[in-house]
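Trainee: Protein chains in written order, with the numbering used here: chain A, 1 to 294; chain B, 295 to 451.
Think of the hints as simulated: they come from the structure by calculation, not from any bench.
One or more of the hints may lead you astray.
[Claimed, not checked] Only pairs whose alpha carbons sit at most 20 Å apart, straight line, appear in this in silico SDA-like list of lysine to any residue:
1) A:63 <-> B:401
2) A:54 <-> B:329
3) A:63 <-> B:437
4) A:164 <-> B:372
5) A:210 <-> B:336
6) A:164 <-> B:429
7) A:78 <-> B:401
8) B:355 <-> A:54
9) A:63 <-> B:434
10) A:73 <-> B:430
11) B:364 <-> A:222
12) A:73 <-> B:334
13) A:210 <-> B:429
14) B:364 <-> B:391
15) A:63 <-> B:329
16) A:164 <-> B:433
17) A:63 <-> B:429
18) B:355 <-> A:215
19) A:164 <-> B:432
20) B:364 <-> A:210
21) A:73 <-> B:331
22) A:164 <-> B:357
23) A:73 <-> B:336
24) A:78 <-> B:412
25) A:78 <-> B:392
26) A:164 <-> B:362
27) A:54 <-> B:434
28) A:164 <-> B:401
[Claimed, not checked] Listed next, the stretches of chain B that the computed footprint assigns to chain A, with coverage defined by at least 3 CB atoms under 8 Å from CB atoms of chain A:
29) 320-334
30) 357-365
31) 376-386
32) 406-412
[As the list claims (entries may be wrong)] Which chain B residues stay away from chain A? Per the calculated CB distances, all over 12 Å, these:
33) 345
34) 347
35) 389
36) 399
37) 400
38) 415
39) 420
40) 423
Predicted, not measured: the structure shown is a model, and the values here were computed from it.
Backbone N, C-alpha and C define an ideal beta-carbon position, used for all residues, glycine too.
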Amino acid sequence: MLGRFGKVTPLVTQNVQLQPQCGMATLKAISIRLKSVKNIQKITQSMKMVSAAKYSRAERELKQVRPIGDGAKQFYEKAEVGPIAEQPQKLVIAVTSDRGLCGAVHTSVARHIRNELALDEQNIKVVCVGDKSRAILSRIYGKNIILACNEIGRLPPTFLDASKLADAILKSDYKFSTGEIVYNRFKSVVSYNTQTLPVFSLSCVTAAPKLSVYDSLDDEVVQSYLEFSLASLLFYSMKEGACSEQSSRMTAMDNASKNAGEMIDKLTLTFNRTRQAVITRELIEIISGAAALD
Amino acid sequence: MALRSVTRLFSRRALSTTTVRGYSDEMSFTLASGNQVFYDAKSVKQVDVPSFSGSFGILPKHVPTLAVLKPGVVSVIEDSGNVKKIFVSSGTVTINEDSSVQILAEEAHPVESLDRSAAQEVLSKAQSSMSSASTEQARAEAAIAIEVGEALVKAVE
Chain A
1 MLGRFGKVTP LVTQNVQLQP QCGMATLKAI SIRLKSVKNI QKITQSMKMV SAAKYSRAER
61 ELKQVRPIGD GAKQFYEKAE VGPIAEQPQK LVIAVTSDRG LCGAVHTSVA RHIRNELALD
121 EQNIKVVCVG DKSRAILSRI YGKNIILACN EIGRLPPTFL DASKLADAIL KSDYKFSTGE
181 IVYNRFKSVV SYNTQTLPVF SLSCVTAAPK LSVYDSLDDE VVQSYLEFSL ASLLFYSMKE
241 GACSEQSSRM TAMDNASKNA GEMIDKLTLT FNRTRQAVIT RELIEIISGA AALD
Chain B
295 MALRSVTRLF SRRALSTTTV RGYSDEMSFT LASGNQVFYD AKSVKQVDVP SFSGSFGILP
355 KHVPTLAVLK PGVVSVIEDS GNVKKIFVSS GTVTINEDSS VQILAEEAHP VESLDRSAAQ
415 EVLSKAQSSM SSASTEQARA EAAIAIEVGE ALVKAVE
């Protein structure tokens, strides 16, 4: 019994050397491919689990932060603060993160800013929060970027991060009169909206038509008020961005796992079919060999 | 400022005794911080806040204003008459025309969850960093830390 198998094996290895394009060689190639796709699926599945955990935390925290964002932007709405025509300098803050593999969250922020820059390149400067927006925008509008920061997205954003960023923005030499924060507003697990939050400088606020109804204001109070409200708006938008990013990564990884599963099914089918073909061919060879001897 | 708002309130109340109490007579009060939301557009009776231009009380129909919070205790008198004391580190107060009040704080905690010894520790640490501060910025930061520490200790007592 064993002796007979011993004769078959060298025959098979010979076959591989002679015909690397079919039979055993393709079988080997398919099994390697199958293994790597299975590994990819494992990775995407675990990434999905990780982002699901991060997402549930981000969403819980976002609920706590929403009143801050709403409160901070209400003053601008109620006092009817608007841009001044003489000072067109504008600041755009892109809220993204360092990490990719999360669908179109970063590109949609970058696209929004690119569209604005295409209209007026001279008077708009950009602050990039997170490596992704910088990488996308620096190709065409590198000279418009005045500030970029990274290490965003590894940990959930804190108020300290936001106030450091606000401090850096206020300390930069760029004197802007109006500004906007471009971020992804979280709607549900499967959707988000790219939206903007307004930011104004002291001169814009003092020129606001309804500011006179506010009692006992001096510039120092308004300045400190604006600085704090910039920090809270940034904090709010970073939280929204983090939540949309995690939810979007969750969906992206879910899709990737599904696609990998489809690939695995197809590859398994081809693998089995090829294996069967190899077996059949070998059987034919043996039988016809035996028939020739008779 | 508080006095003015009180007089304003009295004059308005005399006029509106016959009319039904509308929403604008109530205060839509929001108190939120980076770590917690205490009130979200809730109606309350009165709020006392510490600010850099002096501490003041806010009643419904307060004149619109902006103020910057000083480290200290915000006391909220709820509609039921309960008084809730919340310690805030820094932040802003916005009183809008429609009688909505927003207090946004960097850090806020109920006074009862503060620990006396920890507060003392914060103060002594701030004082030691003040004495070791070499640059202008470090000194300013230490001064702020001391202010917060003093307010904390005062709040616990």
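Trainee: For which of the previously enumerated hints does the structure constitute a violation, in increasing order of number?
Mentor: 3, 4, 5, 7, 8, 9, 10, 13, 14, 17, 20, 22, 24, 27, 32, 33, 34, 35, 36 and 37
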